[in-house]
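*Asks:* Next come the chains, spelled out residue by residue.
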Amino acid sequence: MPEVSYVQVIWTTLAVFFTLFIFSFLYKDNPLYKIAEHVVVGVSNGYWMILLFRDTFKPLWLDPAWNLVSGKGLSAELTIFVLVNLVFSVFMLLRLVGGNAALLSRWAMAVVLGVSAGVLIPLSVQTYMYEQLKGNVLTFGAFPFPFVSVVSQTAFNNLLIIVGSLSGLAYFFFSKEHKGVFGGTAKLGIWFLMIGFGATFGYTVMGRLSLLIGRIEFLRDWLNMIF
Amino acid sequence: MRKPLILFPLVFLFLFVFASAQTPPTPVDSLQAVDTPDDAGGQVDLTWKPSPDEGRAVSPVIGYQILAAPAADSTFVPIGTASAGATSVTAKDRLENGRPYYFKIRAYAMDSSYAESEVAGPVVPKGSWWNTKPAYLRIVIWMVFVVGFILYNIRKAGKKELYIRPIAGIDAIDEGIGRATEMGRPILFICGLGDAAQAATLAAFSVLGRVAQKTAQYQTRLIVPCYEPIVFTICQDIVKGAYLNAGRPEAYNEKDVFFVVYDQFPYVAAVNGIMLREKPATNFYLGQFYAESLMLAETGFEAGSIQIAGTDQLIQMSFFIVACDFTLIGEELFAASAYLSKEPEQVGSIKGQDWGKVIFAGLSILGVVSVLLDENLRVHFFGFFRKLMLNE
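These protein sequences, in sequence, are chains A and B. In this text, residue positions in the first sequence follow the numbering used here: the first is 1, and each later residue adds one. In this text, residue positions in the second sequence follow the numbering used here: the first is 1, and each later residue adds one.
Derived from the structure by calculation, the hints contain no laboratory data. Computed from a prediction, not measured in an experiment: that's the story for all the values here. There may be inaccurate statements among the hints.
Unchecked claim - Heads up, incomplete: computed chain B residues facing chain A, CB under 8 Å, no partners named:
1) 67
2) 79
3) 85
4) 89
5) 137
6) 232
7) 269
8) 317
9) 326
10) 330
11) 354
12) 368
As the list claims (entries may be wrong) - Calculated pairs, EDC-like style, for lysine to aspartate or glutamate (alpha carbon to alpha carbon, straight line, at most 16 Å):
13) 28(A) to 298(B)
14) 187(A) to 177(A)
15) 34(A) to 161(B)
16) 279(B) to 29(A)
17) 279(B) to 302(B)
18) 92(B) to 38(B)
19) 126(B) to 96(B)
20) 92(B) to 182(B)
21) 126(B) to 77(A)
22) 176(A) to 161(B)
23) 28(A) to 278(B)
24) 28(A) to 302(B)
25) 240(B) to 263(B)
26) 49(B) to 116(B)
27) 133(B) to 38(B)
28) 357(B) to 131(A)
29) 49(B) to 73(B)
30) 92(B) to 161(B)
31) 49(B) to 118(B)
Every residue gets a Cβ at the ideal spot worked out from N, C-alpha and C, and that includes glycine.
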């Protein structure tokens with residue numbers, strides 16, 4: 001058993017108590033859980049504030065702005081960046097003033113939303129459309145002809161992928177009511193989805209159990225440390 | 001006669017020292033450095049002719065070190081490595097846009113001896129506005145098609161009402177609001193953990209507007225704990241606006257739309273506490289959710305709330321399906337938002353996406369047929385299509 005310091009024992013014991021406080025929620029809401037809840041929210045807010053200041057605000061805005069003000073020199077690109085961000089930051093802070101001035105914050109939000117959407121849309125088209133479609137076609141590279149063959153496992157899997165993709169698409173088609181043949185295809189699609197969800201559920205629950213085991217092992221190690 | 005005997009150990013010593021001395025390898029040749037095209041900046045492409053001593057019998061070259069400096073006569077510092085055999089590398093560490101850099105390649109031999117190449121540069125890394133790689137051009141073509149469909153349908157939706165099929169779960173939204181009103185208990189609305197630009201969060205905003213308007217009319221309390229600061233400010237504006245539209249601006253309580261914390265599990269701890277203390281009659285979980293989905297939904301179930309969820313996160317859907325009364329699966333969330341708002345932009349988007357799905361299904365089938373014919377019967381059907389799809 002390696003030597004442990006008193007400081008280590010105190011911090012680990014504190015972590016154990018907070019773990020047990022959080023677990024007490026399984027019984028019902030209680031003052032111990034409330035203590036843990038308020039501490040974790042408060043600490044987390046403080047932590048993130050410092051982290052965002054140190055890793056985002058300071059290097060990306062404060063340092064370049066200081067270089068600009070102190071005459072150390074700044075590229076034209078960065079100067080525009082600093083000034084535009086300053087204007088939009090002031091717009092956001094005007095929410096605290098209220099009234100018509102607060103409406104200026106919508107310009108800042110519009111820029112954030114617009115830029116983020118501009119970055120995300122091509123990514124989504126590539127990931128969710130183009131690559132999926134490519135995957136569908138590529139899957140069939142090793143598919144024996146005629147494709148009704150279920151002798152090969154790969155062939156059967158490939159058939160499932162294509163039928164599942166197309167029937168799933170039918171379920172998410174909103175311009176037509178789910179009736180007749182189309183309705184049947186959509187129903188097949190939802191079966192595929194539900195089987196997929198079931199598998200995902202089981203897989204993730206196993207992951208969660210391993211987290212629980214980790215926490216119980218932590219409690220066991222603490223007992224070993226104390227006694 | 002004694003002289004040769006004296007010379008013999010001296011010769012042996014000379015040979016030993018000579019054999020064990022480090023013999024520096026020949027440096028790499030023709031080093032060239034250019035700013036990496038089609039990138040966001042901060043990168044430089046280096047190419048060279050490898051050291052001929054990579055294959056020598058004694059102490060061959062085993063790798064290269066990339067050195068960079070802001071001036072040709074200043075100290076060069078290592079910024080990367082390349083293995084033997086490499087003739088190019090993209091230097092991406094410690095390079096800043098807009099500053100000149102000089103580069104050298106240091107060839108290392110097995111006996112730790114090394115040789116440095118001539119200096120290449122200066123190169124000023126900079127970002128490109130356009131990505132001209134063919135793969136990205138295909139994405140642009142796709143986007144033009146999809147966005148074209150959407151814009152056309154938005155225009156169409158502005159002129160006449162377009163049909164969207166009924167979606168199970170949408171009616172439950174009004175039922176949930178009615179239930180809360182009858183029970184005299186609040187409604188809890190959670191916009192997820194995504195940022196404001198995520199499609200799921202935008203759809204959640206739309207449903208929040210609808211819910212807020214109804215709660216204003218029915219004088220039911222609406223609690224909106226937020227995770228992300230920008231989402232929080234938007235939620236405030238949406239709820240305030242909805243109360244104003246409903247003719248009850250005085251009923252809006254800004255303390256009910258609040259920022260909790262920008263950290264996943266502390267946020268869950270806080271919201272779970274709110275659920276058990278406020279006992280909301282109805283919980284809405286709409287937007288992007290991650291590992292917290294089941295924790296929230298389970299606690300809501302324990303609190304006896306009716307729960308309506310919607311997300312585009314594949315893994316979390318299964319948890320919502322298990323623990324909630326109604327779940328909007330993936331794109332149903334976006335359709336629900338359009339269905340409720342009836343805004344031409346949203347309805348047109350759904351219609352445009354439906355067109356995209358038809359094209360997608362058609363291309364899938366054509367692709368499968370073309371690959372089958374090509375690989376099995378050597379019939380080059382839709383060769384162009386294959387090239388287009390498979391980046392060939």
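*Asks:* Hint validation: residue 67(B) versus chain A, beta carbon distance must be below 8 Å. Holds or violated?
*Replies:* Violated - the Cβ of residue 67(B) stays beyond 8 Å from chain A, reaching only about 25 Å at its closest.
*Asks:* Hint residue 89(B) vs chain A: min CB-CB distance below 8 Å?
*Replies:* 26 Å, violated
*Asks:* Taking 16 Å as the top limit, are the C-alpha atoms of residue 126(B) and residue 96(B) close enough?
*Replies:* 8 Å, holds
*Asks:* Given residue 317(B) as an interface hint, is the shortest Cβ-Cβ distance to chain A below 8 Å?
*Replies:* It holds, given that the least Cβ distance between residue 317(B) and chain A is near 6 Å, below 8 Å.
*Asks:* Hint check: residue 92(B) vs residue 38(B), CA-CA at most 16 Å. Holds or violated?
*Replies:* The given pair, whose Cα atoms are some 14 Å apart, holds under the 16 Å limit.
*Asks:* Checking one constraint from the list: CA of residue 49(B) to CA of residue 118(B), max 16 Å. Satisfied?
*Replies:* OK: residue 49(B) and residue 118(B) at ~12 Å, within 16 Å.
*Asks:* With a cut-off of 8 Å, does the beta carbon of residue 330(B) approach a beta carbon of chain A closely enough for the hint to hold?
*Replies:* Because about 7 Å separates residue 330(B) from the closest Cβ in chain A, which is inside the 8 Å limit, the hint holds.
*Asks:* Taking 16 Å as the top limit, are the C-alpha atoms of residue 49(B) and residue 73(B) close enough?
*Replies:* 23 Å, violated
*Asks:* Holds or violated: residue 28(A) with residue 302(B), Cα cutoff 16 Å?
*Replies:* Cα-Cα ~10 Å, so holds.
*Asks:* Does the alpha-carbon distance linking residue 187(A) and residue 177(A) stay inside the 16 Å limit?
*Replies:* Given pair residue 187(A), residue 177(A) holds - Cα atoms ~12 Å apart, limit 16 Å.
*Asks:* Within 16 Å, alpha carbon to alpha carbon, are residue 240(B) and residue 263(B)?
*Replies:* 26 Å, violated
*Asks:* Do the numbers back the hint for residue 269(B), that is, is its least Cβ distance to chain A under 8 Å?
*Replies:* 5 Å, holds
Of the numbered hints given earlier, the model fails hints 1, 2, 3, 4, 5, 6, 9, 15, 20, 25, 29 and 30; all others are met.
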